[in-house]
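Chemist: If you're matching them up, the sequences are chains Z and A in order. Residue 1300 in my numbering sits at position 173 of the first sequence, with consecutive numbering throughout. Residue 111 in my numbering sits at position 105 of the second sequence, with consecutive numbering throughout.
Since the hints were derived computationally from the structure, they do not count as laboratory data. Treat the hints with care, since some could be wrong.
Covered by chain Z, according to a simulated footprint, are these stretches of chain A (three or more residues, beta-carbon under 8 angstroms) [unchecked claim]:
| no. | segment |
| --- | --- |
| 1 | 59 to 69 |
| 2 | 84 to 97 |
| 3 | 105 to 115 |
| 4 | 223 to 229 |
Derived contacts from chain A toward chain Z, CB cut-off under 10 angstroms, selection only [as the list claims (entries may be wrong)]:
| no. | residue |
| --- | --- |
| 5 | Gln56 |
| 6 | Leu294 |
| 7 | Gly308 |
| 8 | Ser313 |
| 9 | Ile315 |
| 10 | Met318 |
| 11 | Lys319 |
We put the beta carbon where it would ideally sit given N, CA and C, even for glycine.
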Amino acid sequence: MSGKVYLYPIWIRLWHILNALLCLILIITGISMHYASPEGTRISFGLSVTMHNICGIVLTANYLIFFLGNLFTGNGLNYIIQFRNFRQRMWKQIRYYAFGVFLKEQAPFPIGSARKFNPLQQVTYAAMMYFIVPLVFITGWALLFPNVIAEKWLGVDTFALTDFLHIAGGFGVSVFLIIHLYFATMGHKPTDHYKAMWSGYHDDETEHESKDHL
Amino acid sequence: MKIKQILFLLALLAGMTLQAQDSIPPVVSNPANNHCFSCHGKRWYTYANQDSSQVIKHKMFKDLIIDTVAYYHNNHKSLACTDCHSSDYNTLPHKSDLKLEPLLACTDCHTDTDDTPPMNFTGITEEFKKSVHATRQNANATCWSCHNPHSYNITTRSKDNLNHVVAYDNSICLECHSGMGKFDILYGDPKSTLIAKHNWLPDPIKHFRNVRCIECHAEIREDVLVAHNIRPKEEAIRKCTQCHSSDSRLKYSLYKYQLAQEISEKGVLSSIVSNRDFAIGTNPSPLLNLISLLIFASAIGGVAIHSIIRIMKK
């Protein structure tokens, strides 16, 4: 039985579970609206719009909690990408996911009190939380108040562009969610990471750390 | 070198912005009409009494005043007044029985042509006869009720500025239905304010600016370019997905001409690739939808393969 390390304080867990639920509802209602037909949709179009709008507003408020939490606690440090030996570290992690995990190798960047994300997670989470998610809710707010968007900008239909960016960003979140849910099964046991996000305590993987990977 | 590049870029951007602006063509008047417009182009007209040679000034009846600027910008600008009206009008004072002269209908001159897509005037006439305007107003409703032959501009076959098409076509409806003018007089409904009646829409103003009234208030007929069968208000479209969906009715009405033009100019495949985004939910690009589905399937497939190998190697 490995040791435990308290990695996820209560505010992160609450933010994370709320964020996950909201994203799920936003994706389902978003897909429902995107693939609507004149005959209607599986979820009523009006209900989809209302739920999408409400969840989008709550998601923005929830994001502010995340943003301020990262600003005023040490959690934000986990999102600062380390560029030293960036390519080598990224490749090591990708290789592990592609081959190492099947060969029962130790994780090259085990999770512990000093490291919460591996390099690949760090880049992906930083891109999601500081670029894609803000892009989605900013464009979402713009679509909520379409009159604030200029009709044209340098000959480009700004409304269509905002719509496209919103859908593309939402699509990015959907793909991320699938991969994120799967990679969360890659602890010592498939349920370890899920339990950790519930209790706050994560297995201290550094206890298994191989000297090769230091 | 860098400054030159920046200046070139700025000039290019300025050109793009200017290009987007509408240009107003210069007025080219028809001398044959000057005689008519000398009276009918003004609010007051004068004539000399043949017996006393006294110059008499009269106010022109409002409905007989022609806006000459609008006339020379309208679709009939090349016509002389007497092309449609009796040449007896050249005689002054006009004979009183000329008032009984039957007016031409649109279809007396306009016939179906090989234009793509065709207007289908026969179809328009059939649809108009079924419309609420024709059935409730009988003979009082004619083409001229909505299309003023002295100022009308056909905008349907414009592919560059849809907002202009929408604004112009809606102005025809608003002429009577703005709730402040003729509609109140006709129906005695002083509360008929358009915004209040369309408040159920998420953003009425945005809708007014981007779609025509007929999109929701007229029945679409495949072979008629512009729907003319205006339905009673109870039959108006109130289902969002009729427009905001992949098979949007707008593709068969407002966007019909543009889509047909894009297909004829670029071919079906290119038009699908470059298909512009019109209204939210109309799935602008099937290609992008396909790419997104492929990425989605790859993500799920990758996860499935990875997990199977993990289970096998356990």
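Chemist: If a hint holds in the structure, say so; if it doesn't, say that too.
Modeler: Consistency of the hints with the structure:
1. 59 to 69: violated (count 0)
2. 84 to 97: violated (count 0)
3. 105 to 115: violated (count 0)
4. 223 to 229: It is violated: at least three residues are needed, and the segment 223 to 229 of chain A offers just 0 whose Cβ sits closer than 8 angstroms to chain Z.
5. Gln56: violated (59 angstroms)
6. Leu294: Holds, because the Cβ-Cβ distance from A:Leu294 to chain Z comes to roughly 8 angstroms (cut-off 10 angstroms).
7. Gly308: Status holds, d = 8 angstroms.
8. Ser313: This hint holds: A:Ser313 lies near chain Z, its Cβ roughly 7 angstroms from the closest one there, short of 10 angstroms.
9. Ile315: holds (6 angstroms)
10. Met318: holds (8 angstroms)
11. Lys319: holds (5 angstroms)
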